[in-house]
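*Asks:* With the sequences and hints as input, model every part of the structure.
Here the protein sequences come in this chain order: V and X. Taking my numbering, the leading residue of the first sequence gets 3, the next gets one more, and so forth. Taking my numbering, the leading residue of the second sequence gets 106, the next gets one more, and so forth.
Below, simulated SDA-like cross-link-like pairs (lysine to any residue); rule was C-alpha separation at most 25 Å, straight line:
(1) V:Lys11 / X:Leu116
(2) V:Lys85 / X:Ser355
(3) X:Lys169 / V:Asn98
(4) X:Lys358 / V:Glu106
(5) V:Lys32 / X:Arg206
(6) V:Lys84 / V:Ser124
(7) V:Lys49 / X:Asn157
(8) V:Lys85 / X:Met106
(9) V:Lys5 / X:Lys281
(10) V:Lys84 / X:Lys142
(11) V:Lys32 / X:Thr455
(12) V:Lys32 / X:Asn157
(13) V:Lys32 / X:Ile202
(14) V:Lys85 / X:Asn139
(15) X:Lys281 / V:His57
(16) V:Lys5 / X:Asp278
(17) V:Lys5 / X:Met106
(18) V:Lys72 / X:Ser472
(19) X:Lys281 / X:Leu252
(20) V:Lys40 / X:Thr455
(21) V:Lys5 / X:Glu141
(22) X:Lys142 / V:Ile104
(23) V:Lys72 / X:Ser171
(24) X:Lys311 / X:Asn298
(25) V:Lys40 / X:Lys311
(26) V:Lys84 / X:Glu141
(27) V:Lys11 / X:Asn117
(28) V:Lys13 / V:Ile112
(29) V:Lys32 / X:Asp198
(30) V:Lys46 / X:Pro452
(31) X:Lys402 / X:Thr490
(32) V:Lys72 / X:Gln125
(33) V:Lys84 / V:Lys126
(34) X:Lys311 / V:Pro56
(35) V:Lys32 / X:Pro452
(36) V:Lys49 / X:Ser162
(37) V:Lys85 / X:Glu107
(38) V:Lys72 / X:Lys169
(39) X:Lys408 / X:Asp429
(40) V:Lys32 / X:Ile450
Since the hints were made in silico from the structure, they are not lab data. Source: prediction; values computed, not measured.
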Amino acid sequence: MTKVIVQGKAKGTVLKTINPINFLGAVDKKTGIIHDQKYDIFEKSIKDSILVFPHGIGSSVGAYTIYSLKNNESAPLAMICKKADLTVSSGCALANIPMIVISEDEFDSIENGKDIQIDTESEKILN
Amino acid sequence: MELTKDEQAALNGDKGEALQTAYRILLATGEATNAEKLIPIKWAHLSGVNYNTIGDSGEEFLRKLSEDAKVTIKSTVNPMGFDFDHVSEYNLDEEFIEKQRSIRDSYIKMGVEPTFSCTPYDIYDLPEKDTQVSFAESNAAIFANSLGGIRTNKESAFSALASAITGKSPYSDLRKDGNEAQMTIRMKLENPNELDFGLLGFFAGKVGDTSVRISGVSEPDRRSCKALCGGMGTSGTCAKFQFSDEDTSSSEKVDFGKEEMNKIFDELNTSEKGDLITLGSPQLGLEELSDLSKMLKGKSFRKQCMIFCSRAVQHQARSLKYTDEIERAGCDILSDCCTCLTPLIDPNETDSVTTNSVKGAYYLKNSTGVDVNLKPLSKIIEEDTQ
Numbered sequence: 003m004t005k006v007i008v009q010g011k012a013k014g015t016v017l018k019t020i021n022p023i024n025f026l027g028a029v030d031k032k033t034g035i036i037h038d039q040k041y042d043i044f045e046k047s048i049k050d051s052i053l054v055f056p057h058g059i060g061s062s063v064g065a066y067t068i069y070s071l072k073n074n075e076s077a078p079l080a081m082i083c084k085k086a087d088l089t090v091s092s093g094c095a096l097a098n099i100p101m102i103v104i105s106e107d108e109f110d111s112i113e114n115g116k117d118i119q120i121d122t123e124s125e126k127i128l129n
Numbered sequence: 106m107e108l109t110k111d112e113q114a115a116l117n118g119d120k121g122e123a124l125q126t127a128y129r130i131l132l133a134t135g136e137a138t139n140a141e142k143l144i145p146i147k148w149a150h151l152s153g154v155n156y157n158t159i160g161d162s163g164e165e166f167l168r169k170l171s172e173d174a175k176v177t178i179k180s181t182v183n184p185m186g187f188d189f190d191h192v193s194e195y196n197l198d199e200e201f202i203e204k205q206r207s208i209r210d211s212y213i214k215m216g217v218e219p220t221f222s223c224t225p226y227d228i229y230d231l232p233e234k235d236t237q238v239s240f241a242e243s244n245a246a247i248f249a250n251s252l253g254g255i256r257t258n259k260e261s262a263f264s265a266l267a268s269a270i271t272g273k274s275p276y277s278d279l280r281k282d283g284n285e286a287q288m289t290i291r292m293k294l295e296n297p298n299e300l301d302f303g304l305l306g307f308f309a310g311k312v313g314d315t316s317v318r319i320s321g322v323s324e325p326d327r328r329s330c331k332a333l334c335g336g337m338g339t340s341g342t343c344a345k346f347q348f349s350d351e352d353t354s355s356s357e358k359v360d361f362g363k364e365e366m367n368k369i370f371d372e373l374n375t376s377e378k379g380d381l382i383t384l385g386s387p388q389l390g391l392e393e394l395s396d397l398s399k400m401l402k403g404k405s406f407r408k409q410c411m412i413f414c415s416r417a418v419q420h421q422a423r424s425l426k427y428t429d430e431i432e433r434a435g436c437d438i439l440s441d442c443c444t445c446l447t448p449l450i451d452p453n454e455t456d457s458v459t460t461n462s463v464k465g466a467y468y469l470k471n472s473t474g475v476d477v478n479l480k481p482l483s484k485i486i487e488e489d490t491q
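*Replies:* In structure tokens, the structure reads:
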């Protein structure tokens with residue numbers, strides 16, 4: 003089951019983490035680099051990736067971090083979550099970053115580093 | 106989510122750019138929370154005020170938005186970076202001050218009450234039971250749902266702002282009746298202090314989903330309740346708790362004992378001592394300042410101690426003279442800002458900070474970039490005063 007939260011199209015390489023992301027606390031809003039060492043994608047940049055993560059956590063201001071990433075040209079091309087939270091949903095809505103929610107099984111089957119395509123208008127959203 | 110004809114027109118841009126933006130946000134958050142419609146709300150509490158957190162993009166966004174957007178319901182705001190009354194005592198760069206001033210002015214221009222507080226529940230009496238509000242500050246949302254008897258999503262900065270402008274919010278599950286917690290956390294610590302409650306909150310936020318039940322706790326004081334809300338809001342998506350010893354066999358049970366506590370403590374406590382002390386994340390209320398003034402009788406801090414409270418609470422505390430003893434003990438009382446991401450703590454000058462706040466500890470470590478020495482207030486006063 004795929005659910006569209008923010009519409010759009012994107013094509014890129016998957017950056018996947020099993021850690022829920024605290025955008026305010028863990029992501030550098032200028033570069034998109036994860037600076038909290040407890041993350042399995044520590045020191046990686048989320049810039050221009052298809053970011054696949056369980057869901058957002060923590061401060062509600064994380065929505066501004068997502069908007070800033072977009073303005074600084076360091077945002078992911080799209081976001082894919084298991085659960086939609088308000089911080090990530092509203093941040094993506096304002097920043098025009100396509101965002102979808104997928105099932106646990108679909109989440110597990112997405113491989114890190116793989117090239118994928120999202121088109122929320124298409125019949126098969128995820129390719 | 107179904108929109109009315111009017112709402113759809115606004116989403117299409119027929120009523121201007123500000124409302125179009127607001128409805129775009131509400132549509133996404135409505136889809137995210139499986140809401141079937143938007144409902145009217147009475148009060149929005151906004152986050153995204155500190156220049157340190159929202160940056161140049163945020164400052165510019167708010168400046169443009171404030172050119173034609175106005176809030177249509179009671180709206181209050183979170184702390185900003187510093188206290189304008191004390192800014193000259195700190196070494197802050199001019200650009201930060203100017204950008205912060207612009208953000209403050211944008212909110213005021215939109216008609217927001219300049220509360221600059223993360224504890225709106227300490228400033229205003231909460232509205233009648235079951236009133237629908239939109240609180241973005243996570244500790245305030247959890248407080249409202251769990252202890253205040255009113256209802257909110259754990260809103261984001263943008264969803265609360267959209268609610269302030271439209272007066273509406275998605276009718277999500279948390280706003281409805283019959284939200285039974287799927288998990289019970291059994292508190293196993295005896296005589297817990299406020300730090301233990303903060304750690305419990307952080308733990309609950311990590312393991313819980315939207316709502317948790319907490320058993321084994323008997324009537325914690327307000328300081329402990331606020332610490333619990335602050336910790337919970339920091340670590341997860343959980344937006345509500347309920348103290349209950351009732352045994353519901355259907356819910357999953359998780360213990361919070363010494364072992365679980367130590368694990369989180371070790372994650373957040375990275376220093377044996379602090380160069381300075383901060384108290385107030387969430388900002389301190391009147392009762393906490395009254396307690397503090399009694400605890401500090403005849404004592405003086407050996408190092409700098411920053412106390413954060415809202416301006417409204419500071420005014421009350423001054424008229425009741427609670428501040429006399431606190432300032433005599435050497436504390437700086439600061440309003441309109443808080444421990445989290447204040448530029449008043451400079452990582453180039455400060456290696457470590459002592460605090461009793463789990464929420465403060467997380468952001469001091471991960472955002473400000475200093476080490477943290479976590480200990481309860483009673484121990485701070487015992488060890489760091491003379």
